[in-house]
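K.L.:
Line order of the protein sequences matches chains A and B.
Reminder that position 85 of the first sequence reads as 85 in my numbering, one-by-one numbering, no gaps.
So the mapping is simple: my numbering equals the position in the second sequence, first residue as 1, plus 260.
None of these hints come from the bench; they were simulated from the model.
Hints are supplied without guarantee of correctness; some may be wrong.
[Stated by the list, open to error] If you only want the chain A side, here are some residues facing chain B, beta carbon under 10 Å, derived: (1) 65; (2) 68; (3) 97; (4) 106; (5) 107; (6) 108; (7) 109; (8) 111; (9) 169.
Quick caveat: nothing in here was measured; it's all calculated off a predicted structure.
For each residue, glycine too, the CB sits at the ideal point set by N, CA and C.
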Amino acid sequence: MTETAQDSANGANGAKEGDPIVLCRDVVKRFGDFTALDAVSTEVRVGEVVCIVGPSGGGKSTFLRMINGLEGIDGGEIVVDGIHLPGGKKDIQNVRREVGMVFQSFNLFMHMSVRQNLILAPMTARGLGRKEADDRAERLLERVGIGDQIDKYPSQLSGGQQQRVAIARALAMEPRVMLFDEPTSALDPEMIKEVLDVMRELAESGMTMLVVTHEMGFAREVAGRVLFMADGQILVDAPPERFFSEAEDERQANFLSKIL
Amino acid sequence: MIRAGTRAGTLGGLANRWGFHAVLLALGALMLANLNWTLVRSFEFAFIWEYRIALINGFGITLLLTVEAGIVGILFGTLFAIGSQSPFAPLRWLVAAYVEVFRNTPLLVQLLWIHFALPLVTGINTTALVSGIIGIGLQAAAYYTEIMRAGIQAVPRGQIEAAQALGLPARTRWTRVVLPPAIRTVIPALLNQNISFFKATAIVGLGLLVDDFFNSALRVSNDTFHFIEPLTFAAAVYLVLGWQAGRWTLRLERRLTRGER
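Let's have the full structure, built from the sequences with the hints guiding it.
P.N.:
This is the structure:
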């Protein structure tokens with residue numbers, strides 16, 4: 001399953017169902033004098049779906065981006081499937097092959113067709129052959145419901161379709177964990193559902209997911225746990241039933257009263 | 261051009277255009293009134309035809325230098341521009357120093373230095389043409405580095421982050437994700453720059469006595485004791501070709517921006 005990095009002592013170890021696959025210990029992030037994350041600790045087990053909610057500026061996206069090395073770590077450590085961060089270039093590269101990411105603004109490669117977007121990483125970072133990569137791309141596009149758009153360019157697709165392509169592109173690397181950074185925030189309302197449906201299906205298939213979102217309906221239905229982040233800390237970590245019914249933190253209560 | 265087109269219908273635009281033409285007309289009249297008509301009547305361009313072979317060969321050298329500036333400049337400019345984005349600071353400084361040195365010294369000085377001073381320092385002698393090729397290539401690389409750097413920095417941050425998040429190797433990130441849109445953005449700037457180098461080849465001709473188009477025209481002058489006609493003819497050739505290339509570039513630029521997302 002993890003053919004990469006077996007040779008490295010700091011390598012993916014193939015966590016099984018129920019094992020922790022993302023481990024964060026006292027993670028710190030600073031931007032100059034500003035402490036964006038202040039000793040955050042948590043863990044995510046294989047197959048879990050964790051939604052991260054909270055006011056903007058609370059550190060949610062920063063936290064997510066640190067898990068695949070898009071942001072450096074200033075203190076503490078993050079362990080993804082046995083690979084320790086902060087680490088060398090190679091460790092970051094190995095983590096990125098295990099962790100897929102979906103961005104708020106899709107970030108599809110605009111000068112490539114949908115097919116090229118999907119086969120580029122598997123062929124260059126996983127060493128897949130063209131035929132295999134093509135088959136995988138077609139299968140994944142079917143799965144997210146846009147198999148007929150494979151030879152179009154991103155600019156010819158709607159926002160919802162683009163985001164589904166972005167999800168398929170991340171899945172093409174066969175990651176063990178998927179990160180979603182406000183995947184529906186840039187979408188028109190009528191397109192949010194089609195993206196959430198794909199994410200729901202993904203969750204049901206057993207994918208480990210961390211989702212930064214403002215979609216409380218999605219968090220309530222799909223998440224196994226909801227984390228409430230504010231001021232660079234995880235203030236609440238609760239199953240959704242409890243999270244949405246009884247606030248255990250003042251800021252959480254304040255936040256919920258504004259959005260529900 | 262674009263402004264004249266959009267404003268042509270308005271009263272102000274009309275006045276502007278008439279004013280422009282009136283000024284041209286007045287200048288033209290002033291020139292005609294003061295021309296030395298005896299001299300002008302003595303002009304003859306027909307003899308230039310007899311030197312066609314030399315001029316065509318010279319034009320070949322001019323074209324060679326122009327194309328070489330384009331190819332070498334874009335190739336090394338791209339490499340240097342990538343270097344300018346390196347996290348390794350000394351590499352960035354090196355690129356910056358190179359760009360500043362070659363953009364802020366006159367091409368003629370560089371050419372003479374390469375042809376006459378470099379052999380003394382290194383012991384390697386080069387022919388005038390090779391010195392010209394090296395000099396114009398070095399300067400082109402400096403200018404194209406700046407153009408490519410602008411193109412690279414115009415690629416949205418999200419594209420690079422997506423490539424990183426997918427675990428693409430650094431090489432693939434550059435060749436497949438960053439450079440294609442970067443180059444597309446700067447194609448008009450690259451071509452305009454190359455039109456400048458097309459004209460700058462005359463400096464190679466005169467400075468190093470390479471038989472490019474311009475120097476060949478000057479040889480015709482020396483040979484025939486007619487100075488003005490070959491010079492005027494050369495100017496006309498540069499003007500027509502440079503102007504036409506500029507029009508093509510503008511048309512390409514419009515097509516490229518029309519196709520944008």
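K.L.:
Enumerate the violated hints, using their earlier numbering and listing them in ascending order.
P.N.:
none
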